[in-house]
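Enquirer: Letter by letter, the chains look like this.
Protein chains: 4
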Amino acid sequence: MLAEFNIIPLGTGESMGDSIASVLKVVQESGLPYKANAMGTIIEGGWDDIMSLVKRCHEEVLKKAPRVTSTLQLDIRPGKPQDRLTEKLKSVEKRLGKEVKK
Amino acid sequence: MLAEFNIIPLGTGESMGDSIASVLKVVQESGLPYKANAMGTIIEGGWDDIMSLVKRCHEEVLKKAPRVTSTLQLDIRPGKPQDRLTEKLKSVEKRLGKEVKK
Amino acid sequence: MLAEFNIIPLGTGESMGDSIASVLKVVQESGLPYKANAMGTIIEGGWDDIMSLVKRCHEEVLKKAPRVTSTLQLDIRPGKPQDRLTEKLKSVEKRLGKEVKK
Amino acid sequence: MLAEFNIIPLGTGESMGDSIASVLKVVQESGLPYKANAMGTIIEGGWDDIMSLVKRCHEEVLKKAPRVTSTLQLDIRPGKPQDRLTEKLKSVEKRLGKEVKK
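Protein chains in written order, with my numbering: chain H, 9 to 110; chain V, 9 to 110; chain Y, 9 to 110; chain D, 9 to 110.
It should be emphasised that the hints constitute simulated quantities derived from the structure, not laboratory data. Any given hint might turn out to be false.
Copies of the same chain are indistinguishable here, so a pair counts whether it falls within one copy or spans any two.
Calculated cross-link-like contacts (lysine to aspartate or glutamate; reagent style EDC-like; alpha-carbon spacing at most 20 Å) [what the hints assert, rightly or not]:
id	residue 1	residue 2
1	98	67
2	88	107
3	71	26
4	102	91
5	110	95
6	88	67
Work out the full structure, taking the sequences as your base and the hints as a guide.
Expert: So this is what it looks like as structure tokens:
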């Protein structure tokens, strides 16, 4: 299963760089496969591993912010082999007949 | 904490009514405070209660659909008293000086 | 088509009440059918009417906040009659055989 | 401004590869800066350019699907220079003192 999430701290100014950095530190330490982009972080794994990591990331941001809002998007496809983090776009590129920007 | 979520079954046709009904059945049985709207369901509770319920809802939909995508939106504000499910809009209505449609 | 959206102001403190009130004022003045909930506002209409309203709401929040993030969820079903804002849940209640909390 | 969006076709089976490919074709032809990831596509531009492109992408998917749901996430920061599509993560990497996977 794939999960993209972003966590937005409120009450700590308009910049989110420090907050995103602290989240990515937790994600990197978890060892779960991930990819970061300009709007969020995508992780791949089972439900419990993903949700436990996402919880720790929220706890990390809540250390410095009095309130957070966040969005999670899930894509769950039980029968599919692993590594959809990269394979999903590769299959799209095959259909397009060319590469896309990543 | 408040969580709004919707679960979209793929590979089962364009209607989502049966799927939404099965999710709301699980939500009602959980006993957690909730409100349904045309685009999703909002539940209120602690992280673990909410995520355990959201997981059961996904499992329910995955009984009939080979793939699901879903969106969760969280609003976490540790110091706030309970019942933000109704109080949040009431405080907005106070500022507006009139009721909003719900 | 249905659209649920919420707009989160950054750099203006942790409260969102004033911002939500200013958004709902713009929505009410638009005349488009809407329903507010604890996590966002759902409006019903055609693409251009909805997006023009959503743009004005963002402009309103940007008058006071140096940055905003927002989420929109769309449900577009061309052949369906109007008033899905209330009919969608009614059809779910029929399947459930009982009312849900709204 | 940055916008990440994904469009989910309903009533066309569980695979989304063809649909994503047709969306990315429209995005590439638009000339707007973009980056695709496993969960959506991020584009950068002004409100009207972005929304006009996002509308065309929806129209493209609706040619083959009787219903679509979609999610858009916006990050609007008026004073910031362009190329936040790549600069946002670079500023995070500076804070982390190392690269992140992209």
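Enquirer: I want to check one pair: residue 88 and residue 107. Are their C-alpha atoms no more than 20 Å apart within a copy, between two copies, both, or neither?
Expert: Result: close neither inside a copy nor across copies, 23 Å intra and 29 Å inter.
Enquirer: Between copies, within a copy, both or neither: which fits residue 110 and residue 95 at Cα up to 20 Å?
Expert: both (13 Å within a copy, 14 Å between copies)
Enquirer: Please work out whether the CA atoms of residue 88 and residue 67 approach to 20 Å or closer within one copy, between two copies, in both situations, or in neither?
Expert: between (31 Å within a copy, 16 Å between copies)
Enquirer: Evaluate residue 98 and residue 67 at a C-alpha cut-off of 20 Å and name the case that applies: within, between, both or neither.
Expert: neither (34 Å within a copy, 24 Å between copies)
Enquirer: Since the copies are identical, ignore which copy is meant and state whether residue 71 and residue 26 lie within 20 Å (CA to CA) inside a copy, between copies, both or neither.
Expert: within (12 Å within a copy, 25 Å between copies)
Enquirer: How would you label the pair residue 102, residue 91 (within, between, both, or neither) given a Cα cut-off of 20 Å?
Expert: So residue 102 and residue 91 pass the 20 Å test inside one copy only (16 Å; across, 28 Å).
In the structure shown, a violation is registered for the earlier hints numbered 1, 2, in ascending order.
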